[in-house]
Amino acid sequence: DEASTRGNLKIVSSDGSFEGSVGGRIHFDAYAFDNDLTDSTSTSEFRRARITLKGKLYNWGYVFENDFAGQSGTTGTGFRDMNIYTKVGPGKLTIGQFKPYRSMEEITSSNDILMMERPYASATGIYNGRQFQQGVGYLISDDQYTLGVAGFNTKSAGDNRNEGLGGSARATFAPIMQDNMVVHMGASYSVENANSMTTAFEAEADYVGRRGPSETIALTTDGESVNTVGLEAAISAGPVFAQAEYAIADFGNATGDDEEVQTYYIQGAYTLTGQMKPYKSSKGVFTTAKGNNIVQLTARYDYIENKDVTDLEAETTSVGVNYYLNPAMRFMLNYVMGENTLTGDESNQVALRAQMAF
Amino acid sequence: DEASTRGNLKIVSSDGSFEGSVGGRIHFDAYAFDNDLTDSTSTSEFRRARITLKGKLYNWGYVFENDFAGQSGTTGTGFRDMNIYTKVGPGKLTIGQFKPYRSMEEITSSNDILMMERPYASATGIYNGRQFQQGVGYLISDDQYTLGVAGFNTKSAGDNRNEGLGGSARATFAPIMQDNMVVHMGASYSVENANSMTTAFEAEADYVGRRGPSETIALTTDGESVNTVGLEAAISAGPVFAQAEYAIADFGNATGDDEEVQTYYIQGAYTLTGQMKPYKSSKGVFTTAKGNNIVQLTARYDYIENKDVTDLEAETTSVGVNYYLNPAMRFMLNYVMGENTLTGDESNQVALRAQMAF
Amino acid sequence: DEASTRGNLKIVSSDGSFEGSVGGRIHFDAYAFDNDLTDSTSTSEFRRARITLKGKLYNWGYVFENDFAGQSGTTGTGFRDMNIYTKVGPGKLTIGQFKPYRSMEEITSSNDILMMERPYASATGIYNGRQFQQGVGYLISDDQYTLGVAGFNTKSAGDNRNEGLGGSARATFAPIMQDNMVVHMGASYSVENANSMTTAFEAEADYVGRRGPSETIALTTDGESVNTVGLEAAISAGPVFAQAEYAIADFGNATGDDEEVQTYYIQGAYTLTGQMKPYKSSKGVFTTAKGNNIVQLTARYDYIENKDVTDLEAETTSVGVNYYLNPAMRFMLNYVMGENTLTGDESNQVALRAQMAF
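Residue numbers (the working numbering), protein chains in the order written: chain A, 219 to 576; chain B, 219 to 576; chain C, 219 to 576.
Calculated directly from the structure, the hints in this document are not laboratory data. These numbers were taken from a predicted model, which means no experiment stands behind them. Fair warning: there could be bad hints in the mix.
As the list makes no split between identical chains, a pair holds if one copy fits it or if it spans any two.
[Claimed, not checked] Straight-line Cα separation of at most 20 angstroms, SDA-like style, residue types lysine to any residue; simulated pairs:
id : residue 1 : residue 2
1  : Lys305    : Asn510
2  : Lys272    : Ala572
3  : Lys305    : Pro545
4  : Lys272    : Ser222
5  : Lys272    : Asp219
6  : Lys310    : Leu543
7  : Lys272    : Glu283
8  : Lys508    : Asn329
9  : Lys305    : Leu543
10 : Lys525    : Val447
11 : Lys508    : Ala572
12 : Lys305    : Asn511
13 : Lys508    : Tyr276
Given these sequences and hints, build the entire structure.
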């Protein structure tokens, strides 16, 4: 059988029907805060330290990924993609833990995200902590469209056992797909029905970046559900890239009125060295141009609010530079300006990342 | 050197004297309870998520296995086989953490066990939580017999440090070993001497399957010991398979009388597609026929009681179907009917597993 | 690409520019105490159980090492070397978590250390728990000298986030480097400036070996700093080896006077089978002769004291035997005699290790 390496280890059987690989990623960060009303601690931190085993056997595949930097004392907290999959009909059937199909930037790999942290329209905000769920997914994709549906237990490996059930669906379409321009549009719907044992669903705003202050935007009470609609649009045209998402969620409240959470962001990049951000048709997201010494300027405006509670809103404006040293490494610099309307806090953060994926 | 894969990664040196491999297993379960007097939470769960490193060097071998799905905040709780071994005289010497030689179904790999959970005559019941121990083992095996002895600290990697000492011995014999029929008989003896720092030895009955209610059948008090005798018998004849174990244990009590725990089970399978369950002579257990689309009906009756406490007994009747999709994957469906005589609880469980070993 | 194994897995690309490997180590110990005034529990224990991923890509390298035997419920406690590195100018630039350049025996790999535990002049004592730090390092080395400097956050991956900053520098020189004799000299300086969130810096004496009693020799109070000077000397001449270190540290005290901690040790070995301990020029430490059936007698006298607190001192005298069965395995036997002057405790320990590195 054939062995190969690009820093990782990979073996493919002579007939190509079996495959095994060991890879991983290291994201090493430093954060410095310019505190206003809140008091955040500047520090260094491994943002991600993952070992990823992948393989193929008898027309099935598996992904076994543990994030050692995200693993606390609770069993399973380090699990990321942990699933088996196969082709069924026109699509890909996944069983185990995976990201439900919703939120474009959430589905974008952490190796490829534009800014150091994902926007509020992801599991960093409106789907707080609900990045990976356990269940069954089905994804059909073609050059220009994807359609993914997922049914899941409202539990990731690190959560309490519970009987909550959820579902999500995401459809994307790329009406323009040319060598020098790709336009992407998408929509998703997510429903999460808690059970009394389910940890409350939350929308949260870490409005000054990682390890900064956070504000709870909404929280379901005992056994209530959350319904979320999301819209996506993006364009990659030569060195220019722009992406926006809008999401609105209804957070159930057992005793009072439901609360509506709204979030949107627009982020963009200009690649000084000219490369175009490529499109990954199989997932309906944008990925990263591979090369040496690519320099990219980035910016994002991100907003979230609880429409039913006065002043319960936060916004974050970020600017940054990405430096792609080689196809496996990236250095990121972000300047994050946060604002919490409720408290009036306007703290800022400078964040730095050294990233290697192998 | 020669690289190969069947979904895993393996490299063997040209002269065969060195070897290294990375493999693993994913067991993904869903449990639904029909609760009677107890209140169990239905859920999905990774039953096992293991990375297994194995190798050979200078006539020694090692196994380094961590179960990420069994790893809590306590150091070492994820360790499974974690040992080095070599051939000494006629047998295999093992140093480190391994399963002491006792209980046939315990020694059977979780990839091969007949039902989703092991019976009471294993570390699931009478040897509760004492699946792996740290020490030294020696195992002699031939085509038709095995003899294993182990001496150990009464500590697995995740337990408190303690000075307790234990020993076990297991002898098996296969009087009939033909192409279409194997008959197995075995006996084991285990002694576990606690020390004041040793966590109390327990016999426990999870009588409605995994994550259902549990009843403590016996518990040693400070520094007391447990002595257990086990008997085994099994037959594999064409598509028919049956296996039974009996174990009786004396749980020491510092202030009162010792308590005697008795357990037995009989389990069987009928493979609709005709394959015979093969015998693994080196360990004295039955394993799994390798193939595609093998369908097997299974059943077990399992009983445990404390003979010295009135009504402290539990029984579990399980029926199931195993579907072996390919040599690396299995889907399991179990229906588990439990009864706790002490409380009168008669809850049931439907359990489902998707299993891949690579 | 080319696959190879010596018990591990390694793949190197045909042109040598890419490389990936999976290896590890298992150190399995047993401790028996002869308790005097303190009451330590004899036990078996995995001292180390590490998986180590290493690789090279685009002129960079990475090390991803997790010690499963050192990993508690706190995120990152298992991280050891977790960094990326490259050649910059004449030296090696390291980013991430690594051992700051200070203390010769600390920098010596645990696979190569002379006795089972490191002396007080390491992170086992005067740099207690501060073995790995997060930051940036730069190391220049030639055949006969090394010069390493490190700047770091006073945080290893398992510590609290904090804004403490530290730096260290170590210079070594080997004035004699002949086939049958190497003489090594070195000096290091370390400064650690705590911040209010930094866990207090401590000097500790585990004076009866691992899992025995321990005495706090010094402890900084809120936000104070530690400054340490270290001196090293060693000689390897045929079968004879001797190594000594001296370190003196100033532990800051916010309210009272600073406290001065002094420690030194001398350790030696005589290799009955004649092999000379080789020198590792790239790191400025001694390593292990590779071969079969090497037998080595070892001894160490180790002392630590707080010069500003009467009788706050401890000493440990150890003797031992190392048996190198083959290039990958070692068995160690240590007899450790400890003395705590403050309490008068004079407990002893017998310790045994089975070690495999692959």
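As a check of your reading, is Lys305 near Asn511 (CA-CA no more than 20 angstroms) within one copy, between copies, both or neither? Between copies, since 17 angstroms is at most 20 angstroms while 38 angstroms is not.
Within a copy, between copies, both or neither: where do Lys305 and Asn510 come within 20 angstroms Cα-Cα? between (35 angstroms within a copy, 17 angstroms between copies)
Is it within, between, both, or neither for Lys508 and Tyr276, if the alpha carbons may be no more than 20 angstroms apart? between (31 angstroms within a copy, 13 angstroms between copies)
As a check of your reading, is Lys508 near Asn329 (CA-CA no more than 20 angstroms) within one copy, between copies, both or neither? Cα proximity of Lys508 and Asn329: one copy only (12 angstroms, versus 39 angstroms across).
Homomeric proximity label, Lys272 with Ser222: Cα distance no greater than 20 angstroms: For Lys272 and Ser222, both the intra-copy (14 angstroms) and inter-copy (15 angstroms) Cα distances are at most 20 angstroms.
Go through the copies and call it for Lys272 and Asp219: within, between, both or neither, with a Cα cutoff of 20 angstroms. both (16 angstroms within a copy, 19 angstroms between copies)
When Cα atoms must be at most 20 angstroms apart, do Lys310 and Leu543 count as within-copy, between-copy, both, or neither? Between copies only: 17 angstroms across, 34 angstroms inside.
Checking Lys272 and Glu283: alpha-carbon separation at most 20 angstroms within a copy, between copies, both or neither? Close inside one copy (8 angstroms) and across copies (17 angstroms); limit 20 angstroms.
For Lys272 vs Ala572, is the C-alpha pair at or below 20 angstroms within one copy, between two copies, both, or neither? between (24 angstroms within a copy, 17 angstroms between copies)
Under a CA distance limit of 20 angstroms, which applies to Lys508 and Ala572: within one copy, between copies, both, or neither? The answer is within: 17 angstroms in one copy meets 20 angstroms, while 37 angstroms across copies does not.
Between Lys305 and Leu543, at a C-alpha cutoff of 20 angstroms, which is it: within one copy, between copies, both, or neither? between (36 angstroms within a copy, 14 angstroms between copies)
Within, between, both or neither: Lys525, Val447 at alpha-carbon 20 angstroms: within (15 angstroms within a copy, 60 angstroms between copies)
The earlier numbered hints are all upheld by this structure, with none contradicted.
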